[in-house]
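Guided by the hints, dock chain D onto chain E, whose structure is given.
There are 2 protein chains.
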Amino acid sequence: MNEFELIARLTASLPTNAHVVAGAGDDCAVLDFGLPEKWFLFKTDAVVEGVHFTPDTPPEKIGRKALARGLSDIAAMAGTPVAAVVTLGLPENFDAGCVERIYTGLNALAQQFGIAVVGGETTAAPGGFFLSIALLGTVPRGGAIRRNGARAGDAIFVTGELGGSAAGKHLDFQPRLVEAQWLAKNFALHAMIDLSDGLAGDLPHILKASGVGAEILKSAVPISRAARLQAAHKPPFAAALTDGEDFELLFTLAAKDAVALHDAWKQRFPETKLSCIGKIVAGHGITIRDKSGTRPLEAHGYVHFAQPG
Amino acid sequence: MNEFELIARLTASLPTNAHVVAGAGDDCAVLDFGLPEKWFLFKTDAVVEGVHFTPDTPPEKIGRKALARGLSDIAAMAGTPVAAVVTLGLPENFDAGCVERIYTGLNALAQQFGIAVVGGETTAAPGGFFLSIALLGTVPRGGAIRRNGARAGDAIFVTGELGGSAAGKHLDFQPRLVEAQWLAKNFALHAMIDLSDGLAGDLPHILKASGVGAEILKSAVPISRAARLQAAHKPPFAAALTDGEDFELLFTLAAKDAVALHDAWKQRFPETKLSCIGKIVAGHGITIRDKSGTRPLEAHGYVHFAQPG
Chain E
1 MNEFELIARL TASLPTNAHV VAGAGDDCAV LDFGLPEKWF LFKTDAVVEG VHFTPDTPPE
61 KIGRKALARG LSDIAAMAGT PVAAVVTLGL PENFDAGCVE RIYTGLNALA QQFGIAVVGG
121 ETTAAPGGFF LSIALLGTVP RGGAIRRNGA RAGDAIFVTG ELGGSAAGKH LDFQPRLVEA
181 QWLAKNFALH AMIDLSDGLA GDLPHILKAS GVGAEILKSA VPISRAARLQ AAHKPPFAAA
241 LTDGEDFELL FTLAAKDAVA LHDAWKQRFP ETKLSCIGKI VAGHGITIRD KSGTRPLEAH
301 GYVHFAQPG
Chain D
1 MNEFELIARL TASLPTNAHV VAGAGDDCAV LDFGLPEKWF LFKTDAVVEG VHFTPDTPPE
61 KIGRKALARG LSDIAAMAGT PVAAVVTLGL PENFDAGCVE RIYTGLNALA QQFGIAVVGG
121 ETTAAPGGFF LSIALLGTVP RGGAIRRNGA RAGDAIFVTG ELGGSAAGKH LDFQPRLVEA
181 QWLAKNFALH AMIDLSDGLA GDLPHILKAS GVGAEILKSA VPISRAARLQ AAHKPPFAAA
241 LTDGEDFELL FTLAAKDAVA LHDAWKQRFP ETKLSCIGKI VAGHGITIRD KSGTRPLEAH
301 GYVHFAQPG
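Just so you know, the protein sequences line up as chains E and D, in that order. Counting in my numbering, the first sequence runs from 1 upward without gaps. Counting in my numbering, the second sequence runs from 1 upward without gaps.
Same shape as in the complex, but just chain E (with noise of 0.2 Å):
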């Protein structure tokens, strides 16, 4: 049994009650509470030392990266986080300044998205440092944008430039909060998920979960500078499909709200890229068209265990 086997048939199992819209595998679960206007976000993510960050990573970034890992998820449902817990599992030769200085750059983001920090638990954790967060938020009653809408026949877009995250932007990216609210509000978004798996592992969970394929025009992918930087050792299209961390926004929605999704989009995000990077289609798994013609997706995303949710 595999990974995504496990996790496959653990979902099918986890408990359910009359609160949930929406449980376990999308970005967030969506919960009704009965409130006319709203329904709420949930979400639970860790970083772990030696898998999310090294020993040398400055504390400020790794409780800066914790959160805003929850708040790409938030993103990808359209929604607007309002409160954090945080879990910290220290080592027993934690040092105090460290723990200070990671709440540093946790409270920062937080502060920036009007985010309130309602709960710090501490536990020994001999085997290493584990910073774990759950978020709450809401979006608008019928307002999430899933998985599992897309259709034959959709745009793809993708926010901001892929790959080679693992340079930095891993620990510096912005969450794409504003651009997720403006988009859900603008047009009429099919499905969107975040990319922290990279293009070929986090389009396949679009696929699956709307029961669709999707081709890719090569030549339209937006790879960043550092990926194309590290051209030596993993050809740039190749990092921008597989390497994990980008947290960029990858959404479909109808052909022909594309044209003008592309203008407004210039207008209210001018140093944003967005790019559409190709379409849906009837069938399943990612057929990519460069110049000399298509071929099936072979590769996967950056697999390390897990980010089922």
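Hints may contain errors.
Derived coverage of chain D by chain E (criterion: at least 3 residues anywhere in the stretch with Cβ under 8 Å from a Cβ of chain E; other residues may be distant) [claimed, not checked]:
1) 48-61
2) 72-79
3) 105-116
Hints listed in this document are in silico derivations from the structure and should not be mistaken for laboratory results. Glycine included, every Cβ here is placed at the ideal spot set by N, Cα and C.
Below, chain D alone, put in the same frame as chain E:
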């Protein structure tokens, strides 16, 4: 700077917003989203291998305990849990069957209380197993029982029996959700907390938050059979004061209500002990009274990193 000074400094600097009724520093955060009859409770907690369980703890019990700890915090606010999200940190040689067994234990307890498990994230954790669970619950608007409401003259009550939890109860305890909801519905509780760090560790949280002291009658403190069986290693009364993970409720209410409470409790929960162990007094700190007189308590609760919230 010790752990408690660090927590105080961190707590004072956490960002807040208009939704926050109570932030870090109580058993759960309390949030207001404008629902006419309800507030929300938000809490996160983690269990770590080598701290909260051992490599030979059955996985079902690890999952159960991780959820039960947070439920005990929801109980301490007299709330009702609604939804949980889970982060599992897995060492590299993880065993899929073990993960399934963790969820078996966790899901069974969730079902017992009607809780939806709406997200299950896994991440690599090279340093060792951890399991972090965030909980969302509700409480009647204005009805959250805080730590800061104890008044001089109040009677102090504790459910169940104290001490010796490490012999087994820490894996099998029933979170006192039903009892706490019944208490808050039928009596005017002034303050409540769950005992995770021992009576001597947790009663001071109520005393400090309320600006009062307490006098405990030694002979009234209910000592568990497990604590008595370990008398050769630790005096049973010391175990009842300082052993961690009892997960019983400790609460105060006006002394005039004490007899009625005792009678009603016996009717409603005939199999669970309820003990009046002393009274809230003006001043600060804990005094122990026995047949030889009174003395200040110097012992402290089970000290590990944490449990601020």
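Evaluation of the provided hints:
| no. | hint | verdict |
| --- | --- | --- |
| 1 | 48-61 | holds (count 5) |
| 2 | 72-79 | violated (count 0) |
| 3 | 105-116 | holds (count 6) |
The structure does not agree with numbered hint 2 stated previously, though it agrees with all others.
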